[in-house]
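Number of protein chains: 2
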Amino acid sequence: MADRPLKELGWKTPLEAAHKPSLNQIAKTGICGIMDVISPGVPPGSDTATLALLGYDALKVYCGRGAFEAVGSSVDVLPGDVAFRCNFATVDEKLVVLDRRAGRIANEDASKLAESLQKIKLEKHLGIKFLFKNTIQHRAALVIRGPKLSTAVSGSDPERVGERVSEIKPLDESPEAKLTTEILKELMQKFHEVLKRHPVNNERVKRGLPPANIIICRGAGTIPNVKHLPEKYGINAACIAAASLIRGVCKVAGMKLIDVKGATGTPQTDFMAKAKATVQALKTNDFVLLHVKATDVASHDGNIKQKIELIEKIDSMLGYVLNNVDLDSTYLAVTADHTTSSITRNHEGDPVPIAITGPYVRCDDIEEYDERACAKGGLNRIRGVDLMPILMNLIGKTKKFGA
Amino acid sequence: MADRPLKELGWKTPLEAAHKPSLNQIAKTGICGIMDVISPGVPPGSDTATLALLGYDALKVYCGRGAFEAVGSSVDVLPGDVAFRCNFATVDEKLVVLDRRAGRIANEDASKLAESLQKIKLEKHLGIKFLFKNTIQHRAALVIRGPKLSTAVSGSDPERVGERVSEIKPLDESPEAKLTTEILKELMQKFHEVLKRHPVNNERVKRGLPPANIIICRGAGTIPNVKHLPEKYGINAACIAAASLIRGVCKVAGMKLIDVKGATGTPQTDFMAKAKATVQALKTNDFVLLHVKATDVASHDGNIKQKIELIEKIDSMLGYVLNNVDLDSTYLAVTADHTTSSITRNHEGDPVPIAITGPYVRCDDIEEYDERACAKGGLNRIRGVDLMPILMNLIGKTKKFGA
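If you read the sequences in order, they're chains A and L. So for the first sequence, my numbering puts the first residue at 1; every next one is plus one. So for the second sequence, my numbering puts the first residue at 1; every next one is plus one.
Hints may be right or wrong, so weigh each one.
No copy labels: a pair is met if it fits in one copy or bridges any two.
[Unchecked claim] Derived pair list, reagent style DSS-like, types lysine-lysine, alpha-carbon separation capped at 25 Å:
1. Lys28 with Lys276
2. Lys148 with Lys28
3. Lys227 with Lys190
4. Lys7 with Lys397
5. Lys178 with Lys124
6. Lys227 with Lys60
7. Lys28 with Lys12
8. Lys7 with Lys28
9. Lys256 with Lys7
10. Lys185 with Lys169
11. Lys400 with Lys251
12. Lys178 with Lys190
13. Lys60 with Lys232
14. Lys400 with Lys60
15. Lys28 with Lys376
16. Lys12 with Lys376
17. Lys60 with Lys399
18. Lys60 with Lys397
19. Lys124 with Lys276
20. Lys185 with Lys94
21. Lys261 with Lys283
22. Lys399 with Lys169
23. Lys148 with Lys190
24. Lys169 with Lys400
25. Lys124 with Lys169
26. Lys169 with Lys232
27. Lys196 with Lys121
28. Lys178 with Lys129
It should be emphasised that the hints constitute simulated quantities derived from the structure, not laboratory data.
Can you make the complete structure from the sequences, with help from the hints?
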C-alpha cells in the first residue's frame, strides 16, 4: 500500500491521492507513526515482513521463503524437508525466459499442469519424495523430503526476463547440498519434459497465451522453529489471507488459517468477504491478521491507477470492519508490510505508515492515513518487530519485564 | 556543524544563526530528521562517527583511532601493526603539558621534526620497526610493526593542559601488552630527547612560538576487518577529506581517496576546490563523501563567530554542488558526524540534523536545515548506521531481505 511520491500524481503517493475515509478515521481516532518493518533502508520481503509484524526477529529466525509458501498452500512440510518457491514460466528452446509468470496463468490451467507433475517418478534418487502444488496463478510450491537434504542450493529462476534459466548449484561443500542439487536438477528436467508437450500448453498456444512450459524455482527453505503466538502471548490468533506465503508464515506462528470464499490474493479478490470473515473471526479470536495482497500486485505491475482503486477498496473493506466491531473493546491497527514503488516496481526500504485505534490509545492530531501525515504522529518511528508487543500490551497480554 | 543553543546567539545554535540558503534548499526539497550517529547521548569520535555513517556497526568493528589516522596519512598499516595517534606538544622540564598542540605547529616545521624522528634507531627492541609521520599541523601517526604486539596499552597524552605526561602502561596482563608498552616507552623517550634540542624548536622559541618538544600519543589501534563498500553495495565510492582520520576510515571502507589542492582540514581550507572536486568525482562514482573538518575545529576552540562563518562557507560550497550536479539523478544528504559544543568545546551526544534530497524522496514541510527544524521532519529520529542503507536503497543498491 505504501509508495513514494509520484510525478503522475502531482508528487503525491497513491495513498495520499486515494479517497480513504475509513483509513483516515482510524488515523484520526488513533495514534499514528511510521515503521521500518525490518530496519531503515532495508527492503523487506513479504515473508520477513510478516514475521516481523508478528513479533519475530526476522534477522534471526528467517530461513528461506520456500517453506512458508509450501505451508501456506496446505502442503505438509515436515522438519527436515526442503521447500522451494516455484513459478510456472515460459521459455524458448534455448531455455531463455520469455515470461516469468507464463502470462499470470489462471489457477485452472496451473492445477491441471501441477497434477501431471506430481505423478512424475524420480529415477536417480530412490527414497526421495516430492510434493508439488500450484497456489495462486503462476505460483507453486515444491517440497523435497528425504534424509540428508540441505537448503544450501541455488534455484533455477534467473529473476529476469531475457536471461537463460540458471544452473542449479550447491552453495556449500557439504554432501547434503550436493545431493539436494542433484535431486532438484532431476526434478526440474523432468518437469520441463512433461510441461513442454502437455495438452494444456498446446491449448494455451492456440488461444494465443504463453505456454507454461517450465518450472523455475528459488528460495530454498525449511520451517523456522519459533514459539507459537498462542503460547507466546496466551491468545487465540487467526489469519485471513489468500497469498500462500502469508498463510505459511501465519501457520508457522501457530495461527488458524481461515478460508474465505472469493479471497484470491489478486486485485480481483472479494474485499467484502474478507471484511465479513474478519468481523466473524474477531468474535472467537483475540488477534486477527487481515492481509490484502492486491495493492502489492498493482505496484509490481507499475499500475498506479489500479493501486489507488485497490486502496479505495481496502478502505471500504475497513469501513465494514469499523461499522461492525465493538470499538469500545476492539483495537484496529492498519499498516503495510513494505513500501512497493510503482516506479521501480520493487519492494523498497522506505518506512510504512502505521495507525492504531482503540480504547485508551494516546491518540494524536493526525487526521490522514498516509506515509507523510503519519510521520508526524505520536508513535514516531518504530520497527516492525515492536508492533506486536505494542498491540499485545494494549489488550493486556504482555508480561512485565522485571518486578 | 551541530551545536547546542548559545546565550551569545540569543539561544540559537550556530546553524540556526547562520545565513545558509543552500542548506535550507536541501531541507526544503528533501526529507529531514535528526540522527544519533552512534546512539542517544553518546558523544561520537570522528572515527566511530564516520564508520557509522558509512554503514558499519562501530560498536562492533571499532578497534582504536590510531590505525585510521595512520592509514589516512598514507602510512602503510599492515594487519598486526599497532598504530597510535600522536600530537606534537609543548612540555616544561617536569614534563607538564603547556600546550597539547605546540601552538598548532605549522606543517612545515612538523615535517622537519618528523623527518628527524623517523631516523631514530630502537636499541632495546631489535626486530621492531616503526613509522612516524606528521599529518596536519600538530597531528601525527605512529605505527609499530613486529611480532606479538598488542593494542592493550595506554598512551602518554594526559588530554589536558597543566598535567604531567601520562605514564605508558599495559592494559592487560599479556606479554604482548607488556612488550608493546616497553617499545612505546623507548620510542617516546628517544623522541623527546631529539625534539628538545632540535634546531627547528630553537628557532620556534626565538620567534616566540611554543617548542614542539615532545610527542604525546594515544588511541592504540589496528585495522578493522570490514567488508569494503564496493563489495557490500556494488558501488564505486570516493572520499574528499583532508583530515587524515576521516581519510583513514574511508580507505579502510574501500573508498578511493581524492586529493584536493588547498584542502587542509583547517578553517583555511579551500571550500570551493572541494566543491569542484565533488562535482567531478560524482561523474565516475556512485557515492562521494565530502567531509569538512573546519566547523569542528572552531567548536573545539570555542570560537562561535568563526563557526558561523565556516557554516556559511560550507553553505556556499554546497551551493556550487547544487548548481552543478543533475538533481534529477543525484541524491544529496547533508549531516554532521557529531555535535560539538562551543561551550564545553567537546563532542557531545546530542543528535545531529540530517536532510536528504533527490528523486522520489518523501519530502516533508521542513524549510530550514538546523538542529531543531529538522527534528520535526519526515525521517524522525534515525541512527548513523541506518543512513547508508537508506541512501543505498534510494539509488537502488540494497538487496531485499527475504522474498
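Here's how the hints hold up against the structure:
In this homomeric assembly, Lys28 and Lys276 come within 25 Å of each other (Cα to Cα) only inside a single copy, at 23 Å, whereas the closest approach across copies is 45 Å. Proximity of Lys148 to Lys28 under the C-alpha cut-off of 25 Å is found in neither arrangement, the shortest distances being 55 Å within a copy and 59 Å between copies. In this assembly of identical chains, Lys227 and Lys190 lie within 25 Å of each other by CA distance neither inside one copy nor across copies; the values are 38 Å within and 41 Å between. Proximity of Lys7 to Lys397 under the C-alpha cut-off of 25 Å is restricted to the inter-copy arrangement: shortest distance 22 Å between copies versus 44 Å within a copy.
In the homo-oligomer, the alpha carbons of Lys178 and Lys124 lie at most 25 Å apart inside one protomer (14 Å), although the nearest pairing across protomers, at 57 Å, exceeds that limit. In the homo-oligomer, the alpha carbons of Lys227 and Lys60 lie at most 25 Å apart both inside one protomer (13 Å) and across protomers (21 Å), since each shortest distance falls under that limit. Both within a single protomer and between protomers do Lys28 and Lys12 lie at most 25 Å apart by alpha-carbon distance, with minima of 20 Å and 16 Å respectively. In this assembly of identical chains, the alpha carbons of Lys7 and Lys28 lie at most 25 Å apart only when taken from different copies (18 Å versus 27 Å within one copy).
In the homo-oligomer, the alpha carbons of Lys256 and Lys7 never lie at most 25 Å apart, since the shortest distance is 42 Å inside one protomer and 35 Å across protomers. Taking identical chains as interchangeable, the C-alpha atoms of Lys185 and Lys169 lie at most 25 Å apart only when both belong to the same chain, with a minimum of 9 Å there against 56 Å between chains. Only between protomers do Lys400 and Lys251 lie at most 25 Å apart by alpha-carbon distance; the minimum there is 23 Å, versus 27 Å within a single protomer. With identical chains, the CA atoms of Lys178 and Lys190 are at most 25 Å apart within one copy only, with a shortest distance of 19 Å there and 62 Å across copies.
In the homo-oligomer, the alpha carbons of Lys60 and Lys232 lie at most 25 Å apart both inside one protomer (17 Å) and across protomers (20 Å), since each shortest distance falls under that limit. In this assembly of identical chains, the alpha carbons of Lys400 and Lys60 lie at most 25 Å apart whether taken from the same copy (24 Å) or from different copies (16 Å). Proximity of Lys28 and Lys376 under a CA criterion of 25 Å is satisfied in both settings, with 13 Å inside one chain copy and 16 Å between copies. In this homomeric assembly, Lys12 and Lys376 come within 25 Å of each other (Cα to Cα) both inside a single copy, at 17 Å, and across copies, at 20 Å.
For the identical chains of this complex, Lys60 and Lys399 are neighbours both inside a copy (22 Å) and across copies (17 Å), given an alpha-carbon limit of 25 Å. Taking the closest pair of Cα atoms, Lys60 and Lys397 come within 25 Å of each other both inside a single copy (24 Å) and across two copies (23 Å). For a Cα distance limit of 25 Å, the shortest separation of Lys124 from Lys276 qualifies neither inside one copy, at 50 Å, nor across copies, at 65 Å. For a Cα distance limit of 25 Å, the shortest separation of Lys185 from Lys94 inside one copy, 17 Å, qualifies, whereas the shortest one across copies, 71 Å, does not.
Taking the shortest Cα distances, Lys261 and Lys283 sit within 25 Å of each other inside one copy (19 Å), while across copies they are farther apart (55 Å). Taking the closest pair of Cα atoms, Lys399 and Lys169 come within 25 Å of each other only across two copies (21 Å); inside a single copy the shortest separation is 46 Å, beyond that limit. Proximity of Lys148 to Lys190 under the C-alpha cut-off of 25 Å is restricted to the intra-copy arrangement: shortest distance 22 Å within a copy versus 59 Å between copies. Proximity of Lys169 to Lys400 under the C-alpha cut-off of 25 Å is restricted to the inter-copy arrangement: shortest distance 21 Å between copies versus 48 Å within a copy.
Taking the closest pair of Cα atoms, Lys124 and Lys169 come within 25 Å of each other only inside a single copy of the chain (17 Å); across copies the shortest separation is 57 Å, beyond that limit. When the C-alpha separation of Lys169 and Lys232 is checked against a cutoff of 25 Å, the pair qualifies only between copies, where the shortest distance is 23 Å, while the shortest distance within a copy is 38 Å. In this homomeric assembly, Lys196 and Lys121 come within 25 Å of each other (Cα to Cα) only inside a single copy, at 17 Å, whereas the closest approach across copies is 79 Å. Taking the shortest alpha-carbon separations for Lys178 and Lys129, only the intra-copy value of 17 Å comes in at or below 25 Å, while the best inter-copy value is 49 Å.
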